[in-house]
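J.: These are the residues of each chain, in order.
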Amino acid sequence: EPEVTQTPSHQVTQMGQEVILRCVPISNHLYFYWYRQILGQKVEFLVSFYNNEISEKSEIFDDQFSVERPDGSNFTLKIRSTKLEDSAMYFCASSPRFYNEQFFGPGTRLTVL
Amino acid sequence: DAKTTQPPSMDCAEGRAANLPCNHSTISGNEYVYWYRQIHSQGPQYIIHGLKNNETNEMASLIITEDRKSSTLILPHATLRDTAVYYCIVRASSGSARQLTFGSGTQLTVLP
Chain A
1 EPEVTQTPSH QVTQMGQEVI LRCVPISNHL YFYWYRQILG QKVEFLVSFY
51 NNEISEKSEI FDDQFSVERP DGSNFTLKIR STKLEDSAMY FCASSPRFYN
101 EQFFGPGTRL TVL
Chain B
1 DAKTTQPPSM DCAEGRAANL PCNHSTISGN EYVYWYRQIH SQGPQYIIHG
51 LKNNETNEMA SLIITEDRKS STLILPHATL RDTAVYYCIV RASSGSARQL
101 TFGSGTQLTV LP
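Sequences listed follow chains A and B, in order.
Position 64 of the first sequence, counting from 1, maps to 64 under this note's numbering, and the rest follow consecutively.
Position 33 of the second sequence, counting from 1, maps to 33 under this note's numbering, and the rest follow consecutively.
No lab work stands behind these hints: they were computed from the structure.
Positions of the beta carbon are idealized from the N, C-alpha and C atoms, including for glycine.
A portion of the hints provided could be inaccurate.
[As the list claims (entries may be wrong)] For each label pair, taking beta carbons as the anchor points, the in silico distance ranges come out as: (1) 107(B) with 9(A): 18 to 26 angstroms; (2) 104(B) with 13(A): 44 to 52 angstroms; (3) 38(A) with 67(B): 18 to 26 angstroms; (4) 97(A) with 103(B): 20 to 28 angstroms; (5) 76(A) with 8(B): 45 to 53 angstroms; (6) 70(A) with 30(B): 15 to 23 angstroms; (7) 107(B) with 85(A): 23 to 31 angstroms.
[Unchecked claim] Derived list of chain A stretches under chain B, where covered just means 3 residues or more per stretch with a C-beta under 8 angstroms from a C-beta of chain B: (8) 48-59; (9) 63-70; (10) 76-84.
Bound conformation, chain A alone:
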């Protein structure tokens, strides 16, 4: 069964550094999402992406965040200058159409020191 994959599984970085989290959505899906979950807290929506542009974004998704689909398979989340409070699990998700169920990847644990 096709699934969403994410790399790396764990990323450790120093505060102020840039990180890129990578996702490979399910191949025939058209809608892509990033969520995050700070340890012990709720899963929070960051951004949705369709047709090579952002469809929705939350208040969390400020100017230090960006998303890109650089080729036909990858979907990336870049954090330009990481802060301690960016430490969280980051989940990528995809869906074939916007009203369909979303399929989540296993997540990338980001630790900012």
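Let chain A serve as the given structure and place chain B on it in line with the hints.
T.: Just chain B, lined up with the frame of chain A:
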């Protein structure tokens, strides 16, 4: 999207049915009820969704009341691997790419 209310935790004996309730009294006509679960910090996993009719798949059944103000997710024969946080999410079927708004969910613990 309408707000949902779920009990914070529930226990269930292995092999028995787990019935997880959800209240969504402000649900509107074009909003679906979705259920996801999250096993120990893994990515959320889609379980089932419905609009007004009861639904069943290989994982679970979803019972939605006639007034659509509440629903119950049923895991017919719970196993230890079903221990997880279960999220009931109400989501519109139209509009732009729709985010999922996760609440605190119900921690289901399946006991041996």
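J.: All hints, please: hold or fail.
T.: Structure-based check of all given hints:
no.: 1; hint: 107(B) with 9(A): 18 to 26 angstroms; result: holds, 24 angstroms
no.: 2; hint: 104(B) with 13(A): 44 to 52 angstroms; result: violated, 29 angstroms
no.: 3; hint: 38(A) with 67(B): 18 to 26 angstroms; result: violated, 36 angstroms
no.: 4; hint: 97(A) with 103(B): 20 to 28 angstroms; result: holds, 24 angstroms
no.: 5; hint: 76(A) with 8(B): 45 to 53 angstroms; result: violated, 36 angstroms
no.: 6; hint: 70(A) with 30(B): 15 to 23 angstroms; result: violated, 35 angstroms
no.: 7; hint: 107(B) with 85(A): 23 to 31 angstroms; result: holds, 25 angstroms
no.: 8; hint: 48-59; result: holds (count 6)
no.: 9; hint: 63-70; result: violated (count 0)
no.: 10; hint: 76-84; result: violated (count 0)
Of the hints listed earlier, those the structure fails to meet are numbers 2, 3, 5, 6, 9 and 10, in rising order.
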